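Listed here are the chains, written in short residue letters.
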Amino acid sequence: MIARASFLERYYLSRTGVVGLIILMLVIVMAVFGPILYPVDPWEMVARPLQWPSLGSENPLGSDVLGRDVLSGLVNGARVSLIIGISATAAAVTIGVTIGALAGYFRGFIDDVLMRITEVFQTIPNFLFVIVLVAVFRPSVFTISTAIAVVSWPAVARLVRGQFLTLRQRAFVESCVVIGMSTPRIIFTQILPNCMAPVIVTSSIMIATAILIEAGLSFLGLGDPNVMSWGAMIGFGRQSLRTAWYLTLIPGVAIQLTVLSISFVGEALNDALNPRL
Amino acid sequence: MTKRYLVRRAGQAIVVLVLIACINFLVLNLAPGDLVDVLAGESGVGDLAYLQALREQYGLDQPLYVQLVKYLLNLVQLNLGYSFRFNLPVRDLILMRLPATLLLMFTSLGIAFLGGVAFGVAAARAPRSIRDSVISTLAMLAYSTPLFWAGLMLIILFSVKIELLPSGGMQTINGPNDPYSVVVDIARHLVLPSLTLALFYMATYTRLMRASMLDTYSMDFVRTAKAKGLTPLGIAYRHVVPNSILPLISLFGVQLGSVLGGAVVVEVVFGWPGLGTLAFDALFQRDINLLMGILFLSSVLVIVVNFAIDLLYGWLDPRIEVEA
Amino acid sequence: MRPILEVRGLSIEAGSESRPIPIVQEVSFSVTAGSTLAIVGESGCGKSMTALSLMRILPEPGVRISAGEIRFDDEDLVTASEQRMQELRGNIISIIFQDPIASLNPIQTIGDQIIEVIRTHRSVSKREARSRAIELLRSVRLPDAERRINYYAHRLSGGMCQRVMIAMAMAGAPRVLIADEPTTALDTTVQAQVMALLRKAQTETGTAIILITHNLAAAAEAAENVAVMYAGRIIEHGPVRDIFLAPAHPYTKGLLGAIPDDADRDGDVAKLTEIPGNVPRPGTLPEGCAFEPRCKNSQARCRQERPDLFREGNRLVACFYPDSGTIAQ
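Respectively, the protein sequence lines represent chains S, G and Y. The working numbering puts the last residue of the first sequence at 1164; the count rises by one with no breaks. The working numbering puts the last residue of the second sequence at 356; the count rises by one with no breaks. The working numbering puts the last residue of the third sequence at 320; the count rises by one with no breaks.
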């Protein structure tokens, strides 16, 4: 109990971390409850096109070139960003932890092979590869998440491998080996829990990056055509850039704030989990 | 730097490249339709005989591993295939567009590096001050900004509201032709795209430089420098900065792949005629082969630059003695 | 003989201004030209902080001088301007540190670092500075100085790096040289060489040396006077022979008794005396005498009142019941 209380205390020491957490909570609430509380279909033409935002009206944030409601797009886009961000990261972490653990624990030949593979995926330019994968396998929330996971796992693998390499040689692990503890048990109960702190911090950064990648993809027209995402909104608004630049501004600010809040949370987590004495 | 090290690194690079090529091959095969459909870009290039000839050339009637070998052999001869959409060999297309992208990328990286170092030093010399907080927060903000959006906002600001800079392209059509005017014209067109691309990476460098300097400031030799009677400026620029810059140099190599991706988006936003816009066109014309070619060549670029950075780092840091 | 450096009532604290943690309290000592003062004590007693404060190179932010004077000639270094301190550092007052390899810039040649200190305080050409640097390296007996001047710190051993540090420190012919645990990180054979070098530098230039150490033997050999510190205060202070042969403060006695030495033989078995308990951490000092919880002489008065330094023969002791038998008033 004492340890947990001091983690929270350390977290709250970071003002930006607290601000980030609040903003993030708001985004999550908007993603979960928004479409329910504001059930306007983001794809439906509900208003005259290219109306500027005016808070009191039917379309508080205006309408786009096809008359679609901007606020609705905003609210629905939150879901897309968060779902893709979280699922891509979850997949990447799973793959990365597995590969990193195996490489770091068994070392030798297995390590060499796995590290070459990791190097390959780290060398190929990430965004280009994601574009290619999504283009080849047709865009959908699933393919986008998978593609992002495919380029993101190497960073986690390297991290976990490094941790395993160091921890593997520590006395407490050696003693488990000596008493005959099975390998999976050693990995899961002894070493892995000690790696979690940097993995958590890296994961938060990855969610932020995943959201940015997804936004880039939908801007380029490679987003899931069935969901309205913030990047896609910016893409649609491009043709009206000169006159209706609110169409570009609003979703962009949404992306920026979401990613910023996640970054702040990540930093605060890092400080809270690794207290510098 | 010995020959053995160079040979070893070259060997590793080749292994990686072969694996990348295999992945390319895999992706090409996993795409819906058979390889030649993909290679012909789903264009419905109707000449059956031609398609049949292609099938033979790529050995599609033969087992998979033979196909792979043929594909790899083709790659080694720098035969990246043919683009039916553009009616040019892929290799030529890429080489035509490469200089523009390189210009954009290296200008951006230069701005990012210099700016990042400057801001990082400014923040680290007065830790936890207002200056530091402002710089760190702005860096975070830049880090969270989608590149394409930043580009669009800059266009709104500098091309629409204040009509100072061109909003797209690399050169003004029908402008004056003398070398001086051309250089100035390209430079004017380069400003917004390179600033946009630099933004994100400048934020990364700022944060890294700041962290690196704060780390260096706590080291013993900095205390010695102070004990020798050096001014804070002298300590910062003669001892702390040179020791802090090394991590940034290795980051340079790691980031190159990411910068290429960012360049794609920035080029599309600004209509900059480089590999990025080429990839974008290839995307929508479903010219998968061209895309793969761009991907492969980018990977080669990343490996080459990484190798150069390693050499540079080894030369700069006297503690690194590459195994003899 | 007038002292070159005189410290009066120096106090150093850490922590925030509203909740300060005292690290060093009311420390006073002085050194005269050509002599050596040893400041001894265990880790954490505040001796290193005292040394750093003399040149005002305390780790910032967070640690600061809170009271006292450091009189150098007619100046008080506590209130001197930062610019004045920069003039003095590495020039009139120098310091060498405990870990010599880490104390050198890893990406500059040792020659460049010596040249740097020379050219900071004197306007000489690079070539002059370089030949002066070679001269200095020769004077600290660094073999093959002309070649080694282009080496980087990681290619030299700890002992050689410490010679370089001494060369750098002596470049300006300083009047005071502070040596903060100069031999702790070195092999025993090398330790003697470094101490000999310091002695040589002292006889050649008349530099006063303040030697910070926990090695009592080195202190006994090198210094004329010694100040023993405990928990941030000086608890015994005087001529080194007298104090080490007949320690008055129970702590000093305990420290000396902890040295393996045939003279302590009790019958056939040599006993090492052990001081029970632990050094109190800064900020957790008891009322009264800080050593009282561990002291075999302790009485009620020791718990209530903190002893100041009293004159006891030719030394100062901070104890109500020192081992010499006399009881302070």
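Source of the hints: derived by calculation from the structure; they are not laboratory data. Keep in mind that this is a model prediction, so the values were computed, not measured. Treat the hints loosely; a few may be bogus.
Stated by the list, open to error - To give an idea of the interface, some chain G residues facing chain S are shown, with a C-beta separation under 8 Å as derived from the structure: (1) Ile46; (2) Val47; (3) Ile55; (4) Leu58; (5) Leu173; (6) Trp181; (7) Phe190; (8) Val192; (9) Leu196; (10) Gly289; (11) Gly294; (12) Gln317; (13) Ile320; (14) Ser330; (15) Ile335.
What the hints assert, rightly or not - SDA-like cross-link-like pairs, simulated, lysine to any residue; straight-line CA separation at most 25 Å: (16) G:Lys102 / S:Ser941; (17) G:Lys193 / S:Phe1008; (18) G:Lys35 / G:Ala268; (19) G:Lys193 / S:Val1064; (20) Y:Lys287 / Y:Leu300; (21) G:Lys193 / S:Gly949; (22) Y:Lys244 / Y:Asn206; (23) Y:Lys191 / Y:Thr175; (24) Y:Lys117 / G:Val273; (25) Y:Lys117 / G:Phe145; (26) G:Lys102 / G:Tyr37; (27) G:Lys193 / S:Ser941.
Unchecked claim - If the Cβ cut is set under 8 Å, some of the chain Y residues that face chain G in the computed set are: (28) Pro13; (29) Glu17; (30) Phe20; (31) Ile48; (32) Asn82; (33) Leu95; (34) Asn96; (35) Val108.
Even for Gly, the Cβ is constructed at its ideal location relative to N, Cα and C.
Checked hints:
1. Annotation: interface hint on G:Ile46 violated; nearest CB of chain S at approximately 11 Å, more than 8 Å.
2. Interface hint at G:Val47: satisfied, since its Cβ lies 6 Å from the closest Cβ of chain S, which is below the 8 Å cut-off.
3. Hint on G:Ile55 holds. Least Cβ distance to chain S is approximately 7 Å, under the 8 Å limit.
4. Here the hint on G:Leu58 is broken, as its CB sits about 10 Å from the closest CB of chain S, past 8 Å.
5. For G:Leu173, the shortest C-beta to C-beta distance to chain S is roughly 6 Å, which falls under 8 Å, so the interface hint holds.
6. With a least beta-carbon distance of about 4 Å to chain S, the hint placing G:Trp181 at the interface is held under the 8 Å criterion.
7. With its C-beta approaching chain S no nearer than about 13 Å, G:Phe190 sits outside the 8 Å limit, and its interface hint is violated.
8. Interface restraint check: G:Val192 against chain S, minimum CB-CB distance 5 Å, threshold 8 Å, status holds.
9. Annotation: interface hint on G:Leu196 violated; nearest CB of chain S at approximately 15 Å, more than 8 Å.
10. Because the closest C-beta pair between G:Gly289 and chain S is about 4 Å apart, less than 8 Å, the hint holds.
11. The beta carbon of G:Gly294 comes within 7 Å of a beta carbon in chain S, closer than 8 Å, and the hint placing it at the interface holds.
12. For the restraint placing G:Gln317 at the interface with chain S, the shortest Cβ-Cβ distance is roughly 11 Å, beyond the 8 Å limit, so the hint is violated.
13. Checking G:Ile320 against chain S by beta carbon gives a least distance of about 6 Å; that is within 8 Å, so the hint holds.
14. Annotation: G:Ser330 was flagged as interfacial toward chain S, and the flag holds, the nearest CB pair being 5 Å apart, inside 8 Å.
15. Look at G:Ile335: its Cβ gets to within about 6 Å of chain S, closer than 8 Å, so that hint holds up.
16. A hinted pair counts as satisfied when its Cα atoms are at most 25 Å apart, and G:Lys102 with S:Ser941 does not qualify at roughly 62 Å.
17. With a C-alpha separation of about 43 Å, the suggested pairing of G:Lys193 with S:Phe1008 is violated against the 25 Å cut-off.
18. Restraint check for G:Lys35 and G:Ala268: not satisfied, since their Cα atoms lie roughly 37 Å apart, outside the 25 Å limit.
19. At most 25 Å may separate the alpha-carbon atoms for a hinted pair to count; G:Lys193 and S:Val1064 exceed this at roughly 69 Å.
20. Restraint check: the Cα-Cα separation between Y:Lys287 and Y:Leu300 comes to about 19 Å, which is no more than 25 Å; the hinted pair holds.
21. Restraint check: the Cα-Cα separation between G:Lys193 and S:Gly949 comes to about 21 Å, which is no more than 25 Å; the hinted pair holds.
22. Between Y:Lys244 and Y:Asn206 the CA atoms are separated by roughly 15 Å; this keeps the pair inside 25 Å, and the hint holds.
23. For the proposed pair Y:Lys191 and Y:Thr175, the alpha carbon gap of about 20 Å is at most 25 Å, so the pair holds.
24. For the hint pairing Y:Lys117 with G:Val273, the CA-to-CA distance comes to about 23 Å; that is within 25 Å, so the pair holds.
25. Between Y:Lys117 and G:Phe145 the alpha-carbon distance is near 32 Å, which puts this suggested pair outside the 25 Å criterion.
26. Restraint check for G:Lys102 and G:Tyr37: not satisfied, since their Cα atoms lie roughly 31 Å apart, outside the 25 Å limit.
27. Proposed proximity of G:Lys193 and S:Ser941 is supported: the alpha carbons are some 22 Å apart, at most 25 Å.
28. Below 8 Å, beta-carbon pairs count as interface contacts, and Y:Pro13 has none with chain G, the closest being about 23 Å; its hint is therefore violated.
29. About 25 Å separates the beta-carbon of Y:Glu17 from the nearest beta-carbon of chain G, more than 8 Å, and the hint is not met.
30. Nearest Cβ of chain G to the Cβ of Y:Phe20: about 20 Å, over the 8 Å cut. The hint is violated.
31. Given hint, Y:Ile48 at the interface with chain G, holds; its Cβ is 5 Å from that chain's nearest Cβ, closer than 8 Å.
32. About 6 Å separates the beta-carbon of Y:Asn82 from the nearest beta-carbon of chain G, less than 8 Å, and the hint is met.
33. The restraint placing Y:Leu95 at the interface with chain G holds, with a minimum CB-CB distance near 6 Å, inside the 8 Å limit.
34. For Y:Asn96, the shortest C-beta to C-beta distance to chain G is roughly 5 Å, which falls under 8 Å, so the interface hint holds.
35. Residue-level restraint check for Y:Val108 holds (minimum Cβ-Cβ distance to chain G is 4 Å; threshold 8 Å).
In the structure shown, a violation is registered for the earlier hints numbered 1, 4, 7, 9, 12, 16, 17, 18, 19, 25, 26, 28, 29 and 30, in ascending order.
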